[in-house]
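With the sequences and hints as input, model every part of the structure.
Quick note, the sequences are listed as chains A and B, same order.
If you read the first sequence in this note's numbering, its first letter stands for residue 90, the second for the next number, and so on.
If you read the second sequence in this note's numbering, its first letter stands for residue 863, the second for the next number, and so on.
What the hints contain is simulated information worked out from the structure, not anything from laboratory work.
Be a bit skeptical, because a hint or two may be false.
Said to hold, decoys possible - Label-pair ranges, simulated between beta-carbon atoms:
1) 923/B <-> 180/A: 38 to 44 Å
2) 155/A <-> 954/B: 48 to 54 Å
3) 943/B <-> 177/A: 55 to 61 Å
4) 957/B <-> 187/A: 42 to 48 Å
5) 276/A <-> 954/B: 55 to 61 Å
6) 963/B <-> 132/A: 42 to 48 Å
7) 1006/B <-> 93/A: 41 to 47 Å
8) 180/A <-> 968/B: 54 to 60 Å
9) 943/B <-> 138/A: 36 to 42 Å
These figures come from a predicted structure and were not determined experimentally.
Note that the Cβ used here is the ideal one computed from N, Cα and C, for glycine as well.
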Amino acid sequence: MLEREHFIESINLLKKLVPNIKKIVIIFDDADMWYDIKERMMMQTKKFNDIEFFWETIHSFEEYKNKIKKYQNIADAIGTIGIFNFKDKNNQNVPYQEVLKWTVENSKLPDFSFWVDRVYFGTLCAVTVSEYEQGLSAGKIAYQILVEGKRPNEIPVAPTIKGKPIINIKRAKNLGLKIDSEILLSIETINKYQWEQYGL
Amino acid sequence: MVYSLKTKFYIVLVIILISNIIITLFLSYYIMTDYTSIIKSRTLAIAKNLKFQLDKIMELEIPFDDLIGFEKQCQNIINQYEGTKHAMVVDVNGKIIFYNDKSLNNTNIKDDDLLELIKNSSKGEKFTLIGNTYEAILPIFDKDNKHVASIIVGYSKQFAHHPINNLIKSFLILSGILSIIFGLAIYIILTIYVTKPVANLINSINHIKKLGFVTKERVHTNSKDEIGYLSICYNQMIDKLYHTTITKDYLNNILNNLDDIIAIVDNSYKIKDINLAFAKIFDQPPEKFLGEHIKKFVSFFEENPVYPIKDLETIRNYETYFLTKDNKIPVLLSCSILNNNNGADNTMDIIISCKDVTVLKNAEQEKEKLIAELKIALQNIKTLSGLLPICSSCKKIRNDKGYWEQLELYITKHTDTLFSHGLCPDCAKKSREELEKIFGKKK
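Structure (structure tokens):
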């Protein structure tokens, strides 16, 4: 199965939590792996005419901290996509969990991502790739091959359509957001920060 | 008051109809009670559904005041469950926090009864009827188990009772229609098989009552049930009665044609009826004698005016006299008791029969006279047959005076016997031989 980020769904979820978002800064580190993702995301921004997107590539954790602090006054939300390659002052790689913890502790801007682990570490929301949908689609492909006798190369490689929305309630509380009851009842929620339970 | 069979049937029909209505209403009451219990369960279940959602949110440790948009869940409840009038979340003071109609958020509950229930709802779920709405009230507690709000779901009484009311209405109409149909069917069946044959029987009986057994009045029926059997028995009875029953006129004719004097008296010996033979003696119409005491006419009763009735049956051919103004007619008196078993009127009549024996008496007197004469004659024959001295040679008899008389003369004197003289064959033979001896034998 092809794993694809649910950009549009994630932005829509963010808009439900923070309806008046106008400017979103999307952050990537300098790893090459984000290139395709960024391209796809940029393609999909056309769906949001009322939102202005800013694309930032950040090289170090220090720069990240500075930029985040700067965005507090100019952006309405942050997309923390690429955060694996930040180096500290000692040129040591900063774990993304630490980056996220710092963000929680220092940013008052709602943020989003595409992966569930990010939400466990304090990102406000994400529409992640659904393991259930992935499994279901893989099962359907297996059925086509094993039962219907299709050749694997006849089956197109495609991502799953449905993602799994998830919210970190604790982060929402910290941000002073009031979440609509319908959202709270309809999507998966996390009410903690991972480091509180296991540490970093 | 006498009710006809049809009237009784109508009464039974009305009783059945009323019973149906009473049973229906009685059942309706129990159905309604059970149904109210179902409504209670349903309303509480709906309220629990809403409470479950609210509890789920509360588990996220979101402060109650930070909740937004829950009115949509309330509205979903309204949309999802037909008959639900309102769904809301109120705080402990009765302030509406979320109402299915968002415009009512932040207003206050005005109904005092409901307000009271909200304040007491921390003790557990409540269900009550307020106005036309069944209200289910469930408490909401925060993580510290503090009563912070209540869920209220209102279920329309009219909607809840509508199907039951329809059911009861339908049942009443159906039972009414069925009662009428069955009633009519029973009425027709009863008319054909019961009341009409019974009416025929009654008509026939009335006809006989009116005219007597002038004709053999028969009841025609094709029925083979008990009524049919009754008709057959009635017809057979009529046939037998026709042959065995006589009318009073017929009986009067018989009585009036009897030569014997007949009087029918009551138990105080007052004449109730007499026959013509009685009246003819006095040359008076029979009505003249009614109410008279029988002692005026029968010497036995003159002598025994209060003769015990129970002993009357023993009087059979008792010689007495029938008394007229100038005469006493010898009669043989016989009495018999006639019981009139007419229901409560258990009276008795006495039939007094006097057989005129004047002719017999005269004959008896004649007979006695003859017997007396014969007795005298017999006495005479006895004298003659006593010891008579007779001459052994000439056969003369010596009379009382001592003279010898010829036998024939003596018998002729003492009896009516006359003698004619002749010769018996032996004497004739003897005489002839003597004559021949004297005169010789003729050649």
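Checklist entry - Hints broken by the structure, by number, lowest first? => result 5
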